[in-house]
Amino acid sequence: MGADDEVPMDDKAKRMRDLLSSFYSPDPSSAPPPTANASSRYATLDTINTTSFDPNQYMNLLVQKSNLEGLLQRHVEMAAEIKNLDTDLQMLVYENYNKFISATDTIKRMKTNIVGMEANMEQLLEKIMSVQSRSDGVNTSLFEKREHVEKLHRTRNLLRKVQFIFDLPTRLGKCIKAEAYADAVRFYTGAMPIFKAYGDSSFQDCKRASEDAVAIIIKNLQGKVFSDSESIQARAEAVMLLKQLDFPVDTLRAKLLENLEQFLLDLHLESTETTKGQVNPDEPPKQGNLPDSAPATAHGASTREFVEAVRAYRAIFPDSEKQLIKLVQDLVTKHFEAIQQHIKKPLSSADLVRMLLAWVIVARHVMVLARAAVLTVVNGSGIMWTDVLLMDEVLPEAALVDFALEAARITVKQFVASAFSCHLLKVSDALTNAEARKKDEVEEYSLQVALEASKRAVIQGSMDVLLGFRQLLDEDLGLLMKLRDLIIDWVQEGFQDFFRKLDNHFLLLSGKKCRATQGQVSEERIQGEKILAGLVLVMAQLSVFVEQNAIPRITEARFHLNEIAASFSGGGVRGYEYGPAFVPAEICRTFRAAGEKFLHLYINMRTQKISVLLRKRFTTPNWVKHKEPREVHMFVDLFLQELEVVATEVKQILPQGLQRKHHRTDSNGSTTSSRSNPLRDDKIGRSNTHRARSQLLETHLAKLFKQKMEIFTKVEHTQESVLTTVIKLCLKSLQEFVRLQTFNRSGFQQIQLDIQFLRTTLKETADDEAAVDFLLDEVIVAAAERCLDPIPLEQPILDKLIQAKLAKT
Amino acid sequence: MQGGSTGIGYGLKYQVKPRKTSTRPYKILQIRNPNSVSISYFQARCIADVKADTDHTSFITGTLSLKEENEVHLIRLSSGGTELVCEGLFSHPNEIWDLASCPFDQRIFSTVFSSGDSYGAAVWQMPELYGQLNSPQLERVASLDAHSSKIKSILWWPSGKHDKLISIDEQNLFLWSLDSSRKTAQVKSQESAGMLHYLSGGAWDPHDVNSVASTCESSIQFWDLRTMMKTNSIEHAHVRNIDFDSKKKYMLVTAEDEFGIHIWDLRMPKAPVLELPGHAH
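As you go down the protein sequences, you meet chains A and U in turn.
Numbering of the first sequence is given in the numbering used here, commencing with residue 1 and proceeding in unit increments.
Numbering of the second sequence is given in the numbering used here, commencing with residue 1 and proceeding in unit increments.
Keep in mind the hints are simulated off the structure, nothing from the lab.
Being a predicted model, the structure only gives us computed values, none of them experimental.
There could be a bad hint or two in this list.
The calculated PhoX-like cross-link candidates involving lysine-lysine, where the alpha carbons are at most 20 Å apart (straight line), are [to be verified]:
1. Lys625/A <-> Lys67/U
2. Lys616/A <-> Lys150/U
3. Lys150/U <-> Lys625/A
Derived Cβ-Cβ restraints for the label pairs, each shown as a range [claimed, not checked]:
4. Glu764/A <-> Ser143/U: 21 to 29 Å
5. His236/U <-> Glu644/A: 20 to 28 Å
6. Lys651/A <-> His236/U: 25 to 33 Å
7. Thr809/A <-> Gln186/U: 29 to 37 Å
C-beta: ideal position from N, C-alpha, C; glycine also.
Please build the complete structure, drawing on both the sequences and the hints.
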């Protein structure tokens with residue numbers, strides 16, 4: 001029922017409330033707090049301010065919960081609240097009304113204000129129109145003038161340009177003076193289009209002048225490019241400028257390349273000069289160290305310069321690695337050539353070693369350079385290029401290093417070879433020098449001197465070579481490290497070769513001179529035979545020396561070398577490989593054979609000479625019509641003279657043999673006893689029966705053969721042995737010559753006399769008395785056989801003639 | 001009886017000789033080494049093989065005896081090869097210093113002889129042997145007497161039937177044309193070796209019939225027979241004897257005066273190709 005009452009009131013109140021709440025809604029929370037505070041004690045009484053407020057429920061709840069007092073109080077509170085709300089509402093209405101009024105007022109005022117505006121606006125329009133018409137008038141009136149001004153301006157610009165062009169030569173000149181080449185180039189390139197367009201007509205002179213200036217600039221720039229004193233950057237800039245000037249940079253590059261090559265040549269010259277400077281071996285030894293080390297450093301320095309130049313070049317022309325590599329290769333080859341040339345010169349081995357070291361330094365420089373060059377190429381192109389191409393780029397470097405190494409190997413090898421050939425030359429020089437010296441002054445002991453000199457040369461030279469190589473090996477150089485083993489092998493081979501060559505050389509010396517001496521061709525060789533024979537003897541003894549002395553020493557030294565090598569290579573494995581490289585036993589054998597051969601050659605030469613003498617003696621006279629012997633024939637003197645020469649030569653060179661007595665007992669004693677018998681037997685035999693005679697002869701012949709075996713015993717390297725062999729051979733020749741002749745009695749007697757004389761004299765010189773005696777007998781037997789009437793001289797006459805001869809000498 | 005006994009004597013010696021020589025590599029020693037050939041109680045300086053005798057191995061030798069009668073012996077190796085038999089024995093008027101057999105007729109040979117002052121050279125023909133050994137006379141085909149100095153050797157045309165002969169004396173070289181049927185010999189041409197050279201022997205090149213080598217004191221000279229001019233020489237060779245290799249062209253072997261054998265190549269006359277030392281006289 002309460003609800004029915006409240007329904008009409010409810011509509012009104014609700015509308016009211018909605019209005020209010022819509023008005024206050026921006027601040028809904030601020031309105032309820034007074035009620036909220038009051039009704040907060042009664043939780044359910046809060047809903048009075050919410051939208052879902054139910055007055056009936058609220059009333060019921062209020063009635064149920066609170067007592068009368070509370071209801072009364074609530075009523076009072078409620079009434080006060082309602083009052084407050086009503087006043088608030090009234091105030092709001094008033095305020096709104098005021099606003100409305102003021103708004104109407106403003107609208108009213110606006111209406112009145114707008115009325116005058118129209119006229120003003122028209123006025124404004126009128127004014128603007130007039131301004132515009134005026135400005136149009138001004139515009140039209142100024143138009144002509146403005147055009148003129150613009151034209152003038154253009155002309156002025158043109159004139160300025162022309163001025164610039166006309167000034168260009170002087171300006172360029174100034175720039176040249178100030179060395180502001182960059183500006184100059186900028187000016188010139190700016191002026192280029194004009195020159196291109198009008199250069200042929202109006203600006204001809206100007207163009208020519210500026211071109212001249214530019215030519216100067218180009219020249220200067222080129223100079224700058226080529227000058228080593230400029231910084232690399234400046235040179236690179238210069239090249240850039242030149243490029244801007246349309247200068248053919250390629251030719252420039254080529255030229256620079258040429259320059260580099262030239263530089264290379266200079267380098268060579270320099271190095272050769274430095275080495276030439278040191279070639280004087282006669283310099284005082286005190287200064288020896290200085291010139292030795294000088295070329296190495298000088299060489300290194302110049303190479304460094306070269307490297308620097310190449311680097312600059314690379315900076316200037318970044319695209320020319322190929323050429324550079326080629327150049328560097330060129331450098332390497334040239335270096336090697338230079339080195340080879342140096343090696344060919346007869347330097348001392350120490351110098352050679354120094355040279356080589358210097359060169360190795362150079363090679364290392366080159367390698368570093370090459371690597372750097374290639375690296376730049378790789379860096380420059382590596383990003384863009386595929387890996388394959390990169391590989392291709394890297395390859396040249398590897399090739400270059402290989403190339404350097406290869407060349408180094410060749411050089412070292414050549415060095416070894418040349419060291420040995422140098423050595424050989426020295427030895428042979430020692431030999432021939434001694435010979436030459438002998439020609440000048442007939443010195444007694446010249447042969448001995450020669451022998452000593454050559455001995456020394458052999459030993460000293462070998463030691464020098466070994467020492468040199470040891471030095472070389474001691475130097476810690478990367479390149480050499482690789483080659484160390486090879487070098488050692490080469491040295492071994494070199495020694496082997498050296499001795500073989502020495503042997504050959506000896507042979508050649510003897511063989512060649514043989515031809516030269518006896519010929520009538522060479523005027524120098526008139527006394528050549530004598531010298532040569534001596535030389536052969538020297539060589540014979542030298543061979544023995546090499547066999548017995550030099551080889552062991554070198555072998556010993558070589559072992560030292562090997563030890564060093566072993567300590568480096570750290571393995572004894574290679575030690576076994578040295579065997580075939582240098583075989584001392586083989587060399588010894590060769591030289592023993594050579595020694596014997598030379599000795600034989602010597603004997604042969606001597607004997608031949610004497611044989612010629614003897615042959616002349618026996619072929620010239622007519623023996624069938626020979627006169628009575630009056631004295632010992634002079635050929636005996638000549639014969640003895642020749643023997644004397646042999647004796648002196650032999651004495652100088654060869655060692656003395658064993659005791660003479662020993663040799664005497666050596667020969668067959670039976671020959672001495674039966675020696676005189678054959679002749680007598682023969683003579684008796686002739687008068688005897690045929691058979692007996694034949695038997696005698698047969699025994700004699702048998703003895704002849706038997707004896708022959710003993711006559712020519714093995715030749716030894718002693719004075720006596722050689723001399724005796726010569727005598728024996730000569731006597732045998734004598735016998736042969738006798739057998740070719742037919743004698744009358746006087747001829748036979750002459751020979752008997754000569755032989756008898758020889759018998760006494762040869763006893764003093766010859767060692768093997770028995771054999772000599774026997775041979776002399778043989779001569780007489782042969783003469784008797786070839787004699788028509790073999791009646792010997794009486795012993796007293798013989799003695800008398802011999803005494804006369806002895807007295808004469 | 002005497003012949004028989006000497007025959008045995010020869011047999012012994014001969015058996016030794018060829019063997020000894022055949023072991024040596026070159027023919028010249030076998031032929032004319034003056035030392036090694038001395039037979040029995042005769043001394044001989046020369047021996048030559050009979051090239052024309054194709055059926056047997058035969059040699060002829062000549063004795064060198066100053067005081068006795070000299071003989072030429074024809075020796076034949078028995079079919080068994082073990083014994084040497086003296087097939088013929090011919091008396092010769094002088095000491096025989098050199099002897100050479102005709103290459104096309106086994107009965108013809110040449111000798112160089114001298115005795116004392118006199119010297120000469122002749123071509124002989126052996127008479128037919130009718131089983132008798134006792135020195136029949138040799139038939140003189142021709143005597144080569146144009147020489148003015150001591151004759152050294154006679155060379156026959158190397159092979160085949162040809163009428164040419166060369167005789168060498170100390171200074172000259174003679175080329176003869178021999179007519180054996182008419183028994184004459186004529187000098188075809190002659191050349192002097194020069195005053196300074198004393199020729200001692202020579203050899204005819206079997207490969208080049210126009211070339212002859214001759215030995216001097218210290219050189220070997222080569223002659224062209226067509227022009228009789230010296231073509232070549234090997235200097236500084238002390239040569240006792242010389243021969244060509246019958247198989248290989250240009251090869252030459254020489255026996256040295258003192259010792260050793262040298263082998264030469266004519267294309268390289270400067271130095272011997274090979275030296276064989278080891279002989280001492």
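Hints, one by one, checked against the model:
no., hint, in the structure
1, Lys625/A <-> Lys67/U, "17 Å, holds"
2, Lys616/A <-> Lys150/U, "15 Å, holds"
3, Lys150/U <-> Lys625/A, "15 Å, holds"
4, Glu764/A <-> Ser143/U: 21 to 29 Å, "52 Å, violated"
5, His236/U <-> Glu644/A: 20 to 28 Å, "24 Å, holds"
6, Lys651/A <-> His236/U: 25 to 33 Å, "27 Å, holds"
7, Thr809/A <-> Gln186/U: 29 to 37 Å, "56 Å, violated"
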